[in-house]
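Read top to bottom, the protein sequences are chains H and G.
Number 398 in our numbering belongs to position 398 of the first sequence; there are no gaps in the numbering.
Number 102 in our numbering belongs to position 102 of the second sequence; there are no gaps in the numbering.
In case anyone wonders, no lab produced these hints; they're calculated from the structure.
Given the structure is predicted, the values throughout are model-derived calculations rather than measurements.
In this text, a Cβ means the ideal position worked out from N, Cα and C, and glycines have one as well.
There could be a bad hint or two in this list.
[To be verified] From the structure, some residues in chain H lie toward chain G, with a derived Cβ separation under 8 Å:
1) Leu23
2) Arg25
3) Met32
4) Gly35
5) Ala36
6) Arg40
7) Asn221
8) Arg224
9) Glu306
10) Phe311
[Said to hold, decoys possible] The calculated PhoX-like cross-link candidates involving lysine-lysine, where the alpha carbons are at most 25 Å apart (straight line), are:
11) Lys53/G <-> Lys53/H
12) Lys227/G <-> Lys104/H
13) Lys9/H <-> Lys101/G
14) Lys54/H <-> Lys204/G
15) Lys54/H <-> Lys100/G
16) Lys93/G <-> Lys9/H
17) Lys54/H <-> Lys59/G
18) Lys100/G <-> Lys5/H
19) Lys101/G <-> Lys53/H
20) Lys38/H <-> Lys9/G
21) Lys227/G <-> Lys204/H
22) Lys59/G <-> Lys59/H
23) Lys5/H <-> Lys38/G
24) Lys5/H <-> Lys51/G
25) Lys54/H <-> Lys38/G
26) Lys204/G <-> Lys53/H
27) Lys54/G <-> Lys38/H
28) Lys9/G <-> Lys100/H
29) Lys100/G <-> Lys337/G
30) Lys53/G <-> Lys5/H
31) Lys227/H <-> Lys204/G
32) Lys104/G <-> Lys59/H
33) Lys5/G <-> Lys100/H
34) Lys227/G <-> Lys51/H
35) Lys51/H <-> Lys38/G
36) Lys16/G <-> Lys51/H
37) Lys51/G <-> Lys51/H
38) Lys5/G <-> Lys5/H
39) Lys53/H <-> Lys9/G
40) Lys51/G <-> Lys53/H
Number of protein chains: 2
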Amino acid sequence: MTQIKDLKKRFSNIKKIDFINNLLRWDQQVYMPEGANKGRAELIAFMNSLKHKKLVSEKTGRLIKKAEQVSNLNLIETAILREAKRAYSKAIKIPIDLVKKIAKSVTIGHKIWEHAREKNNFSLFQPILQQIIELKKQYAELIDLGSSPYDSLIDDYEPGATSAWIQSLFDELKLQLISILKKILKSNNGPDDAILHRYYPSEKQWQFSIELIEKLNFDFNIGRQDKSVHPFTMPLSETDIRITTRIREYYLPACIFGTIHECGHALYNMGFMEEIHSTNLAEVTSLGIHESQSRLWETIIGKSQEFWNYFYPLLQSYFPKNLQKFPQEKFYRALNKVEPSLIRVEADEITYPLHIIIRFEIEKMIFEDHVQVGELPSIWNEKMNDLLGINPPDDALGILQDVHWSGGAFGYFPSYTLGNLYAAQIFSYAKEQIPNLHDEISQGEFSHLLKYLRDHIHQYGAIYYPHDLIKRINGDALNIKYFITYLKEKYYRIFKI
Amino acid sequence: MTQIKDLKKRFSNIKKIDFINNLLRWDQQVYMPEGANKGRAELIAFMNSLKHKKLVSEKTGRLIKKAEQVSNLNLIETAILREAKRAYSKAIKIPIDLVKKIAKSVTIGHKIWEHAREKNNFSLFQPILQQIIELKKQYAELIDLGSSPYDSLIDDYEPGATSAWIQSLFDELKLQLISILKKILKSNNGPDDAILHRYYPSEKQWQFSIELIEKLNFDFNIGRQDKSVHPFTMPLSETDIRITTRIREYYLPACIFGTIHECGHALYNMGFMEEIHSTNLAEVTSLGIHESQSRLWETIIGKSQEFWNYFYPLLQSYFPKNLQKFPQEKFYRALNKVEPSLIRVEADEITYPLHIIIRFEIEKMIFEDHVQVGELPSIWNEKMNDLLGINPPDDALGILQDVHWSGGAFGYFPSYTLGNLYAAQIFSYAKEQIPNLHDEISQGEFSHLLKYLRDHIHQYGAIYYPHDLIKRINGDALNIKYFITYLKEKYYRIFKI
């Protein structure tokens, strides 16, 4: 079986390049001095080009062909070959010239987007966005995976997903969410979250966040937490998973939930079975499943009553001045305030998916040629009004708020909401299997839940694609009912509906 | 001139691999979690092998040949070609098999050395040391640069230096140092350094160290300081120079002088002229010159009276409890205590070079086949007695104290003392050119001295080899008289001789 061994090694080396690139990027965002940016960009470009060369080389093609001739591959070997073919066949479809053009346009695009957002003026961003979209259309055409070019983009983040399937989920989800939201907005029992906006000293927040993820079984022997402008998770090997958080001294949730979110990602990365270490399967299987792990811990667990049964006394001991006399129930309610708002990343559990659906629908229009780039701001504002009932006062608080399009990351947004849907479904299964789960969480005991996630999700890495992964648990495909049930149970109680 | 351009680019890419490897190693020693060691070693090995392949490839050989045919190369291009040839011709002399054998033996050697030192037993280390020496002898034979195999090893650290030349310097230096040391030991005016062993809180030491290097013109826009077990300097690009320090709460000099030492190295790395950025000349020209920059700042400046005229009041404000009533003169004297001692890294300015000379003489014997590995401990102890008048009580405090041999770094030690010699000579020239230098230092003004070093040393990177670099300043070759004069002037005053 030297054929599969050689292929494995090839992709293990390509993976090393990814890990090294991840260190270059982690350091760039965490510790690198300002003036080092240009040199760092060159190092990253060097590694990217090295990876591309290795991936599209004739040798890689030859190794794949040889491995395809082996008849008795086991489950893992079959998946290794599948992933190798997937990466190779995509890479060879895109001429290096287009790769470079896209890389260049998104570098420029990012800078212009920052400028346009600062100047609060979409028209400054429009020409480069137009160019990025054109290039991504060329890219999608060459990848040519589904009936819609948008499918070819989605596939980069969510293998096996199509825009039609996502739309069928989102259409139903949209109706349900709007209906829940309407009930909530009619209720007079909304929480008050002023307590979260008091002064919480940075150093104390940091210490609490460390104690928190220790309790969630984040393994500091193979990971660490640092600070960065935007929180992220970065694997530097299967045994070196870095997360970051950010601290806002007048907004307590930023650090706590940023930390739990990234910890949820990291637990996935820390949990691949040893048999797939160093292979191309030691990867999250999709961004949606990745997000399901972060959101499960952040929202379903982290914003639950049980969670704060355990953590609230601890939090009070960190911030006695603000919290000693503040009741736990009111704190829990503050965390779960629901309010349509302008900014996606600040949205609550009910309205967040609506922000995503807006972006999904717009991206679909773009790549199915149903819209001109110049029309985007007005379509954006229209949809904000339709779905959330609010009118963005300007571009910066509207269409310019997200970084994704400036980086060419079309097809990325849906993963966020797929993550919520997967999370609710997986958690609903877990509850059935762990009878005392609520009590355990109330006692700060998370190991059975983690074991459940390890057994059914984490260990497999990229062996199974999302739809197989979820079906393997209970036979069901992804279904929005779990998420809707979860939301109703939780929020109807909070809002006394 | 596309020939030289292509060659330049080839070595610029090889340099990128070095920078990336430096980041992998920096992170390993500064922030990497414990459990990540194995994965990290694999990433480093991957990059090392990539570098080796690029360096010894036919393409590199071809590019060198083409560049050699160009007749009108300028100074920088000539040096680029020279350094390319130097690296290439060395690399192709060593079969990959030997490269791997050495890499493997030093990895094992390091672990065994740690164990042997812990167990205080040289005989545990002897077999692997024997093996490393055999491999390094094979290496030296293949490199085959001078009349002695030892020369081929020295050349890796000090281009152009030979063991005969170093011996001629060291023989005279040894006599002079022993004579100075005897006078000092007879004096009854030795300093008392108890003040340095009081309790100095870690956080305050850290803050002082940062303020200190800011004042020394360390550029935080293209550099940073962190903590590590052993202090080091690591360039991650020409505009990203990292240094580390260590803090001992009951020994104040560890942090202060570790910081100044590494800052001295970093100022060199930060000062290459822009024309050589991204080329194989954006390098320190030798470890000796590198060390001359660190030691100049650490000892000649950092342990001078003038330096503490400026910094002592600041230091007092950081540690009022220990220092408020402690006179500056006594503090200065404490820093300059002279005492023969067992451990090289803790030695003073007078005895430090004697420690080095012992190691140089032993290495020379090893590679000229004048000694068996089993005899090394007794030879070590004999020389310690001869030169320093002390008898190591055991192997851990004797021959097992240094990491270098376990890593195969034979020929490295002499650079330390060459650095002291170069530093004294360069500083003596600088004093002549900057008339108010002493006053400037007393006022915390270091920019003229830095400019002098930039103009005469730093900017050139590896354009000139050490002997040319020093001769270009004043016509003189390296001469021990500057160092001896410096020591006598300083220490005879302190010890009232």
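Comparing the hints with the structure gives:
Taking 8 Å as the C-beta contact cut-off toward chain G, the hint placing Leu23/H at the interface holds, the least distance being around 6 Å. Against a cut-off of 8 Å between C-beta atoms, the interface hint on Arg25/H is violated, since the closest Cβ of chain G lies about 11 Å away. Of the supplied interface hints, the one on Met32/H holds, with its beta-carbon coming within about 7 Å of a beta-carbon of chain G, less than 8 Å. Hint on Gly35/H holds. Least Cβ distance to chain G is approximately 4 Å, under the 8 Å limit.
Because the smallest distance between the Cβ of Ala36/H and any Cβ of chain G comes to about 4 Å, under 8 Å, the interface hint for this residue holds. Among the interface hints, the one on Arg40/H holds; its C-beta lies about 7 Å from the nearest C-beta in chain G, closer than the 8 Å criterion. Hint status for Asn221/H relative to chain G: holds, with the closest Cβ pair at about 4 Å, below 8 Å. Given the 8 Å rule on beta carbons, the hint for Arg224/H holds: about 5 Å separates it from the nearest Cβ of chain G.
A cut of 8 Å between beta carbons decides the hint on Glu306/H: the least distance to chain G is about 30 Å, and the hint is violated. At about 24 Å, the closest approach between the beta carbon of Phe311/H and any beta carbon in chain G exceeds 8 Å, and the interface hint on this residue is violated. For the suggested pair Lys53/G and Lys53/H, the alpha carbons sit about 15 Å apart, so the restraint of at most 25 Å is met. Taken as a hint, the Lys227/G and Lys104/H pair is broken in the structure, with Cα atoms around 37 Å apart against an allowance of 25 Å.
Between Lys9/H and Lys101/G the CA atoms are separated by roughly 22 Å; this keeps the pair inside 25 Å, and the hint holds. Note on Lys54/H and Lys204/G: the hinted pairing is violated, with a Cα-Cα distance of about 49 Å set against a maximum of 25 Å. A hinted pair counts as satisfied when its Cα atoms are at most 25 Å apart, and Lys54/H with Lys100/G qualifies at roughly 23 Å. With a C-alpha separation of about 28 Å, the suggested pair Lys93/G and Lys9/H falls outside the 25 Å cut-off, and the hint is violated.
Of the pairs offered as hints, the one joining Lys54/H and Lys59/G holds, with about 18 Å between alpha carbons and a cut-off of 25 Å not exceeded. Distance restraint check for Lys100/G and Lys5/H: the Cα-Cα separation of roughly 22 Å lies within the 25 Å cut-off, and the hinted pair is therefore satisfied. For a cut-off of 25 Å, the pair hint linking Lys101/G to Lys53/H is broken: about 29 Å separates their Cα positions. Pair hint Lys38/H plus Lys9/G holds up; C-alpha atoms about 17 Å apart against a cutoff of 25 Å.
Under the criterion of a C-alpha separation no larger than 25 Å, the hint pairing Lys227/G with Lys204/H is consistent with the structure, at around 22 Å. Annotation: proposed proximity of Lys59/G to Lys59/H holds, straight-line Cα distance about 19 Å (limit 25 Å). The hinted pair formed by Lys5/H and Lys38/G meets the criterion: a straight-line CA distance of about 21 Å does not exceed 25 Å. Between the alpha carbons of Lys5/H and Lys51/G the distance comes to roughly 24 Å, so the proposed pair stays at or under 25 Å and holds.
For the proposed pair Lys54/H and Lys38/G, the alpha carbon gap of about 24 Å is at most 25 Å, so the pair holds. A threshold of 25 Å between alpha carbons decides the hint, and for Lys204/G with Lys53/H the separation of about 50 Å lies outside it, so the pair is violated. For the hint linking Lys54/G to Lys38/H, the alpha-carbon distance of about 24 Å falls within 25 Å, and the restraint holds. Under the criterion of a C-alpha separation no larger than 25 Å, the hint pairing Lys9/G with Lys100/H is consistent with the structure, at around 19 Å.
Using a Cα cut-off of 25 Å, the hinted pair Lys100/G and Lys337/G is violated, with the two alpha carbons roughly 45 Å apart. Between Lys53/G and Lys5/H the alpha-carbon distance is near 22 Å, which keeps this suggested pair within the 25 Å criterion. Taking the CA atoms of Lys227/H and Lys204/G, the gap is about 22 Å. The hint holds against a cut of 25 Å. The hinted pair formed by Lys104/G and Lys59/H fails the criterion: a straight-line CA distance of about 28 Å is larger than 25 Å.
Distance hint between Lys5/G and Lys100/H is fulfilled; the C-alpha atoms sit about 22 Å from each other, no more than 25 Å. Between Lys227/G and Lys51/H, the direct Cα distance comes to roughly 33 Å. Violation of the 25 Å bound is thereby established for this hinted pair. A hinted pair counts as satisfied when its Cα atoms are at most 25 Å apart, and Lys51/H with Lys38/G qualifies at roughly 22 Å. Of the supplied pair hints, the one linking Lys16/G and Lys51/H holds, its CA atoms being roughly 15 Å apart against a limit of 25 Å.
A threshold of 25 Å between alpha carbons decides the hint, and for Lys51/G with Lys51/H the separation of about 15 Å falls inside it, so the pair holds. For the hint linking Lys5/G to Lys5/H, the alpha-carbon distance of about 40 Å lies beyond 25 Å, and the restraint is violated. With a CA separation close to 17 Å, the supplied pair Lys53/H and Lys9/G stays within the 25 Å bound. At roughly 16 Å between alpha-carbon atoms, Lys51/G and Lys53/H fall within 25 Å of each other, so this suggested pair holds.
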